[in-house]
Structures are given as C-alpha cells and as structure tokens.
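Q: One letter stands for each residue in the lines below.
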Amino acid sequence: MNEEIVKAINEKTTQEEEKTADDFVTWLIFSIGTERYAFASSDVQEIIRDMDVYPFPFLPSYIDGIINRRGDPCTVINPLLLLNKEAATAAAEEKVASQTASTEAEENGEEERDEPPVLNKKKGSITSPSSLFLVLNRSDDQLCLRISDILFFHETHKSDIHSISNATVEDSFYVGTVDYHHSEIPVLSSDAFELRLRKDLGSA
Amino acid sequence: MLKQFTCISYNRIDFLVPSEYIVAGFYQHMQDDARSVIYNRETLPHLHIGYLLEHEFYCKKVNEVGVILVMKMQDFSSSVCVAISDFTEIAFPASGFLALSINGEIRSTALSCNELHLMPHGIREKMAECGISAVRFPEEGNRQVLIAPDLLVRKFFSGALL
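Sequence lines, in order, name chains A and B.
If you count by the working numbering, then the first sequence holds residues 2 to 205, one letter each, in order.
If you count by the working numbering, then the second sequence holds residues 6 to 167, one letter each, in order.
Here chain B stands alone, though its shape is the one from the complex (with noise of 0.2 angstroms):
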C-alpha cells in the first residue's frame, strides 16, 4: 500500500510524517522562540520542535530558514493541546489549527508501508511512546524514520528542553 509522506530532511536523517495529518507547509524566517504563526489570517500556536529533533538525534540542520508545518488539533491530545495553548499563551483559533517548525528540508515522497520496518521488539514499546513509529534504511550511512509528531509533541512538554 503506497502512503503519502512528508519528508523532512536533516544530514543523514530523514523524518517522516504521513502527508494526511499536514494542512500545509511553507519556508519563513522566523525566530525559533516565536509563540506564534500567522497563517490563513489567524494567529496559530506555534512550537519550534527543530531543537528537539537535532538534540535527540544528534541531527544537524541544513538551513536557517524555518519549515512550518500546519496541523489540526484533532490530532493531538487534549492535554497537549492544552499544553501547547499554555506554553505559548496563543488560544488555538476557530480552525483548530496549530504550527510546527523545524530547520530542515521538507518534500513529498510516496513509500509503500512494506519499505517501513517496525523497531526492534525490546525498544518498539518505549519508541513508540517517545513518537518514533519506525525506521527505514534508504541507503547505507541514513535512515528515515517515521515520527507521530502528537506523541513527540508530548517529550517535548515532558523533557527539560523548555
């Protein structure tokens, strides 16, 4: 089964995100503590998630510019939903829209869910609490690896990297 994917490169990392849980995604320059992104004429909460994912995985950023990313609230918990209202003191506007950004490289790419492999039995449980879905091997010295953003979300509220 072919799956849409947004892809968000790093250097010899990928991070993917099934494409059906992205409203939109743009390049702007943007300070990375901005609590708030305008888009569609409303001001959405914003969370800069770029740190979190260079500090963890030990990823570098290939740009400056910020890639913003707009999801639904929908597709995250209420109490990161109410987290995320709370940190960046932003009320969620009437679309119940919200925006993520990171410093990487985003683009579109089609992966058959068969190309996407499950993390070992021993750690699948743990990662998968920490948002990491699983991982694939494109070609030797990098890796893609699917993230729920919602659950990543959630490490960050729960991490020091406030």
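Next up, chain A with everything else stripped away, as it sits in the complex (with noise of 0.2 angstroms):
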C-alpha cells in the first residue's frame, strides 16, 4: 500500500546521503618532525607502530626501506626528507658525519657493531623520527610514510580546501591546504609520493 512512498523516502535519504558523503572530507592530521600535515582518511589504509625497517641497497635516501607488513613488504618513504630541504641538509651532513665514524672506527680496529641498522633503532634522529608509519590506500603499489604522531581527524566541507594553483615542482607534494582553528595545514599527495619513486627509480 505504502510501498511508493516508502520508495521515494529511501531514495530521498540515499541522496541526501550521498550528498552529504560527497560534501564533506574526513582529514587525518598528523605531524611529521614540528611540522602538521593532512591526508583524506581515504587516502590512509592503515596505521603501524613499532615495526622493524630493513634497509635495502641502491635506494634513494629518501627510502628508509621496507617493513613486513602481515607477511608482504611496504616500501617506507621518510617524507622529512622530500618536504623539508633543512632536514634533508642535515640527514645528508649525519650519513657522511656517520660514514666518516664508521671508517674512522674500522680503521682504529674497533669492534663493529653487532646489530644491523633496523632504522627504529635510532630513536630521535632526523632520519628516522619514529616507528609509526601511515601505509596509503594505494591499489597499485605498498607504500607507506614514516611519520611522527597522529593528532586528530577533522572533518571539514569542500569548500574550506584550498587548491594550490601553478604549483611549482617542489610543491607538489601539496594539493592544498585544509583549514583548522584558524590556521591552515598542508594536505599532502599520495599520488606525488608514488610518481616520485617511479620517476626516480625509472619504475614503469
């Protein structure tokens, strides 16, 4: 009997639904050495704590390594180093201050040491912040970021996103920023951190 307005009440609530899922963005705000960062909640698949990183060779600097993630690798990109030039300065003067000790102590004949560098171990270095890792939503690669702490969710609408336009190359890891009190904190790209890797690696 009631059957056709039931119908147009459902289809009436699935749209305003719809609407309101395509209207509003769930943000994952997190920081990364000081600085705050966002990614849509879409974007994160998941998050990791205190896993081993196995450095791999012939890498960029930039790849920690990779993690066992349930049994498969994760590629673990430090994004400290692609956003922050300081940071990247001063990781690149640690590893040569690092290699300098290094050769210095094998050639004075001290012991080596007894582990290997798993990076988490280096609790409070620039290169290797922490052991929590964002893995991306991504269906073409295991990526993750080494980050520093997870701060909030915020959800905001659409309209309170600001694009960045004429990007230059070294922003494109932004696609804008995203409004929170008053300030603005930059949304970062997970696409950007894939093509990097591929440019870089000349991956197809």
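Some hints here could point you the wrong way.
[Unchecked claim] For each label pair, taking beta carbons as the anchor points, the in silico distance ranges come out as: (1) G101(B) with K200(A): 33 to 43 angstroms; (2) C118(B) with L196(A): 28 to 38 angstroms; (3) Y26(B) with F59(A): 14 to 24 angstroms; (4) D141(A) with E25(B): 31 to 41 angstroms; (5) E156(A) with S113(B): 55 to 65 angstroms.
None of these hints come from the bench; they were simulated from the model.
Idealized CB from N, CA, C, for every residue including glycine.
Need the complex rebuilt from these two chains, each delivered in its own frame; the hints are there to steer you.
A: This is the structure we're talking about:
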C-alpha cells in the first residue's frame, strides 16, 4: 500500500546521504617532525606502529627500507627528506659524518656493531623520527610514510579546502591546505610520492 | 610448488639462491682478494661477493672461513663473464665454472614459492635490476632475500666496490 511512499523516502534519504558524503571530507592530521600535515582519510589504509624497518641497497636516501606488513613487504618513505630541505641537508651531513665515523672506527680496529642498522633503533635521529607508519591506500603499490605522530581527525566541508594552483615542482607534494582553527594545514598527495618514486627509480 | 634453495646466512638476513644454479658449495679458508680457486683440478675465476653483500645490506659476517659457491658461466650474461675474466685475469676453464665466495653459513632449504613475496611495485624494477628478486619474513627481525647472483655480480662491476 505504501510502497511508493517508502520507495520515495528511501530514494530521498539515499540522495541526502550521498550529498552529505560528497560535501564533507575527513582529514587525518599528523605530524612529521614539528610540522603538521593532512591526508584525506580515504588515502590512508592503515596506521602501523613499532615495526622494524629493513634497509635495502640501491635505493634513494628518502627510502628507509621496507617493513614486514603481515608478511607483505611495504616500502617506507621518509617524507621529512622530501618535504623539508633543512632536514634533508642535516640528514645528508649526518650520513656523511656517520660514514666517516664508521670508517675511522674500522681504521682504529674498533669492533663492528653487533646489530644491523634497523632504523627504528635510532630514535631521535632526524632521519628516523619514529616507528609510526601511515600505509597509503593504493592499488598500484605498497607504500607507507614514516611519520612522527597521529594528531586528530578533522572533518571539513569541501569549500574549506584551498587548492594550490600553479604549483611548482617543489610544491607538488601538496594538493592544497585545509583550514583548522584559523590555521592552514598542508594537504599531501599520495600520488606525488608514488610518482616521485617511479621517476627516481625509472619504474613503469 | 616447493623449490630447493641454497641459503646463505648472515646475522639477521639470509640470502636465497635457487639450488639449480649452484654446482657445488664448500668451505675453504682463503684470501678475499684471491682471484682464482682450484676445483676439480681446474682453475676457476673467483670473485668475493661477501663484501658487496655485507656493505650493501648492512650485515655482518658470521664466520671468517669463506664459503665457495661454484656456478656455471652459462647462467651469467656474456658481458659479465668477460668482466669476470678481465678482473680476475683468469680464463674460464673448459667446464665453464666460476667461483663466488661469501663469509656466511650455507645450508639447503626447501621453500614454497608462495612463501616468497615480490618487492613492492614502486621499487620492484630497480631491485630486480640489482639482483634482488623477492623477500620473505620467516620471523620478526629476520628476513630472507632471494637474489639473482648474475645481476648482483653485474652490480658488483658497475659499483665502486672494486
């Protein structure tokens, strides 16, 4: 008897839900070093903590290695080295200093370290800020970012996002900013990290 | 599908090589810079790849005695064979065998291919070029890396490790 009405209400409700879902975006706000960044929560598949990072050779310096994600390898990117020039420079200097110290130690006949440099053991180091990883939601790769902390989730209307136009190459990791309590938080692009990886490694 | 692998163990990392590519493996104390090895009354060109593995994978040798792996030149590209011959100044013998040495421990192990995982897409091609084909995590804190010795040796010659 009321089928038509129920159907009409149902359609209306569905449309409203779709409209609401389309108009709002939930952001995951996190920190890398001292800076805050945002990812659309739909870009993040998982947050993992306290994993050993296994370094692999022949990779760019901003790749820390891989983690064991329930048996599957997942590439760990250290975004600090891509987003923050000062950190990148400091990390490069630290690397040179570390290599020099290692060479000097070898020359002095000092004992080698017993443990391989599993990177999460160097807490506090600028190149390895933490053992917290954001696994990106990608169908084409297994990729995660090493971050410092998860801060909060924040929902905004689409109109609160300020897209970056005329982005330079340096800005290409950012798709825009999102307003939060009168401050603007840069929004990162997961595609940009993947593209950078493929560009640097010559992958298809 | 179960496959037989030769497992070269360092501290917290194992390197896996399909056993079909290994003609023989034996322990022999020798200098790392020795350019030849005697095997079956033949003089084989010899490369010590242990340093490359230890340096690139941050691993530490577990013993001082070298392990010699005898392999066939047919499994290496001709350019790599020429490079090996030039570097060692030893011609390949009639058998076509060559020797690679490391300072790990070796054992034979059977593994299902399903237990190995390809590297993540973004780095897979680069890793494969350098002789790193797949990985396995047998336990927390340890990893097994499937290597392709022919490509790794090519990397040996292209790097500044000589």
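Q: Range first: 33 to 43 angstroms. Now tell me if the beta carbons of G101(B) and K200(A) are that far apart.
A: Distance hint for G101(B), K200(A) holds at roughly 41 angstroms.
Q: Has the hinted range 55 to 65 angstroms been met by the Cβ atoms of E156(A) and S113(B)?
A: 57 angstroms, holds
Q: Does the Cβ-Cβ separation between C118(B) and L196(A) fall within 28 to 38 angstroms?
A: 31 angstroms, holds
Q: Quick one: are D141(A) and E25(B) within 31 to 41 angstroms, going by C-beta?
A: 33 angstroms, holds
Q: Do the beta carbons of Y26(B) and F59(A) sit within 14 to 24 angstroms of each other?
A: At 21 angstroms between Cβs, range holds.
When held up to the earlier numbered hints, the structure conflicts with none and fits them all.
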